[in-house]
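Asks: With chain Y fixed as given, assemble chain X onto it according to the hints.
Each chain is listed here by its residues.
There are 2 protein chains.
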Amino acid sequence: MIETETPNLLYDSMFMKACRCEPTDYTPIWLMRQAGRYMKEYRDIREKVPFLDLCKNAQLAAEVMITAVERIGVDAAIIFSDILLILQPMGMDLEYIKNEGPVLHNPIRSFDQIRNLREVDPAESLSFVFDVVRSTRAMLQPDIPLIGFAGAPFTVASYMIEGGSSKNYENTKTLMYSEPRAWHDLMSLISSATAKYLNGQVNAGAQALQLFDSWVGCLSPSDYREFVLPYTKSVIDAIVDGTPLIHFGTGTAMLLELMKEAGGQIIGLDFRVELKQAWDRLGQVAVQGNLDPCVLYADYSEIEKRAKHILDQTKGRNGHIFNLGHGILPTMSVDKVAALVDYVHNQSSKL
Amino acid sequence: MIETETPNLLYDSMFMKACRCEPTDYTPIWLMRQAGRYMKEYRDIREKVPFLDLCKNAQLAAEVMITAVERIGVDAAIIFSDILLILQPMGMDLEYIKNEGPVLHNPIRSFDQIRNLREVDPAESLSFVFDVVRSTRAMLQPDIPLIGFAGAPFTVASYMIEGGSSKNYENTKTLMYSEPRAWHDLMSLISSATAKYLNGQVNAGAQALQLFDSWVGCLSPSDYREFVLPYTKSVIDAIVDGTPLIHFGTGTAMLLELMKEAGGQIIGLDFRVELKQAWDRLGQVAVQGNLDPCVLYADYSEIEKRAKHILDQTKGRNGHIFNLGHGILPTMSVDKVAALVDYVHNQSSKL
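As given, the protein sequences belong to chains Y and X, one line each in that order.
Under this note's numbering, the letters of the first sequence match residues -18 to 332, in that order.
Under this note's numbering, the letters of the second sequence match residues -18 to 332, in that order.
Isolated chain Y, as found in the complex (with noise of 0.2 Å):
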């Protein structure tokens, strides 16, 4: 691993003792897409890069990060990604079209569809993120962290069925509820396509992992359980021992507890939830959230207030990681995320 030179700096890093429960100096921050629209160096990029080819420009894709990393002063990298990048070395037809998001042209409907499905072998067809994950470790500061990350089967596979982002999931839920064994053929591929690229992302240099499940509030409890929980539970499982991952959600209020027990040292909450609430529920384990990400429209006064409601929550208990309930919008001011990272360590370094 690239990091045995410098191996305290970032074992001991306050985002690092977080993840472990372990008490810190102040409260570690990062934030979800804190590399994107929003920051006018990426815009600059963007305009002569295409979605894809960021993601496979090594060099730019830690660029871009390490930009942002020093422009807000956050306490973790996470690498610039997709988590759907996964699904092009599976044989899905996947385009970034402008203003419109991830599409997937052969979305998948049937049970022969699944079968003709590839296996996925990160080390050859995703070496591509481990160079990014190689890069960015290279290019950082010794003592930031670098979180890897991919999307949780449920996710991925969602946006497999419905061809791109949905409203109502119906294709996805018409497969579970209808072809059962097609949806367990579908969830076991990605799952083990999953644990071995987050693994390699982990061999390559990322210190810690997080697993986005963003669309998994669209189930009711019993159907998490059915349906996602052992998936993402082995996806988990086979993750190399020693490196904690987050293990995020939104719209997850009714699933925390199940989450949990599918694993994850940090449980990622979105801004539905009032964290005091719901870490009481998930007892011991670490946290990460919850701050509104449209907060950040509000001034600067309105924006503390809501910190601080955040962090007043956290007393007494360590394992807390700040960071919104959901990633910063395109329209969101750099100086209002810098300011929110610098009020985070001035207020919590009080407590």
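FYI, nobody ran anything at the bench for these hints, they're computed from the structure.
Treat the hints with caution; some may be incorrect.
What the hints assert, rightly or not - Restricting the straight-line Cα-Cα distance to at most 25 Å, the calculated cross-link-like pairs of lysine to any residue (SDA-like) are: (1) X:Lys286 x X:Lys331; (2) X:Lys286 x Y:Asp166; (3) X:Lys148 x Y:Tyr150.
Replies: Coordinates of chain X only, in the frame set by chain Y:
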């Protein structure tokens, strides 16, 4: 009131008994969007009549609903209408665009715009909705209660501000967080109009009401308490005594207790919560819900299994109205919907 000749048939209907948490011979059921695109008779009419025209044609609106009630055999009707009709007399430029849904061409983004909105006198500007209530009540079987409805203040405000449906509700939250006085004025204006509007529907012959806070699940509990609860409560407190009100929202897992505090004899549950768990948390109140609409894409045996799972959770309690967790989708099968209604009647009469 029109139903004075047959007060007992309505008062003693299974639906009204369940609203009052009284024992019933079987579980009453109706379904959100039970008159809609999934039904050929409806599609045939809509080929000739635009949506807004249909809402304003009392005879046709009544026919559409009664056709649906008779075809699928539900225990309650709801007026054929829309939660956004209240916006036209306020001064909003509302259009229903084919395949896109409602659009407001003059979305509210400033205090000045709010000051220029008009107070609504429903007796004058929404009398066509009361005509729909009267004609539906007159044509409906005398033992089938009729539900009137309105959008809850938050959901109506979010449409006004976003100009249509939204993913992140960023404009709504920006106004809420940045201009709380403007938010207060807007919510007060909507609340006062909504209370009059709902009471007008009761006076025209509706036996029960539903308040749709469809999008309120994008808020945290503390935001709900501060920015929504007082206004929803003011609407519900103003409803004429003796008319049960169903207080419905989606994504409300963490808001249920606060919704109960705001009011409503029946709390509507979406499919993201386990019914029993939610009802236990709510305590003494009736509940409505909560089958995932997408279950209707599965085969008959799976639909029955999942309907039974819901009925089983209501054993030993009075006050359950069966419904979906959200509306019927256009591509669903009328036969399966009718079969669900039959199954709920038969299965629950055995309990």
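Asks: If a hint holds in the structure, say so; if it does not, say that too.
Replies: Verification of the supplied hints:
1. X:Lys286 x X:Lys331: Holds, because 15 Å separates the two Cα atoms, which is no more than 25 Å.
2. X:Lys286 x Y:Asp166: With Cα atoms ~23 Å apart, Lys286 (chain X) and Asp166 (chain Y) stay inside 25 Å; holds.
3. X:Lys148 x Y:Tyr150: Holds, because 15 Å separates the two Cα atoms, which is no more than 25 Å.
Hint violations for this structure: none, all hints satisfied.
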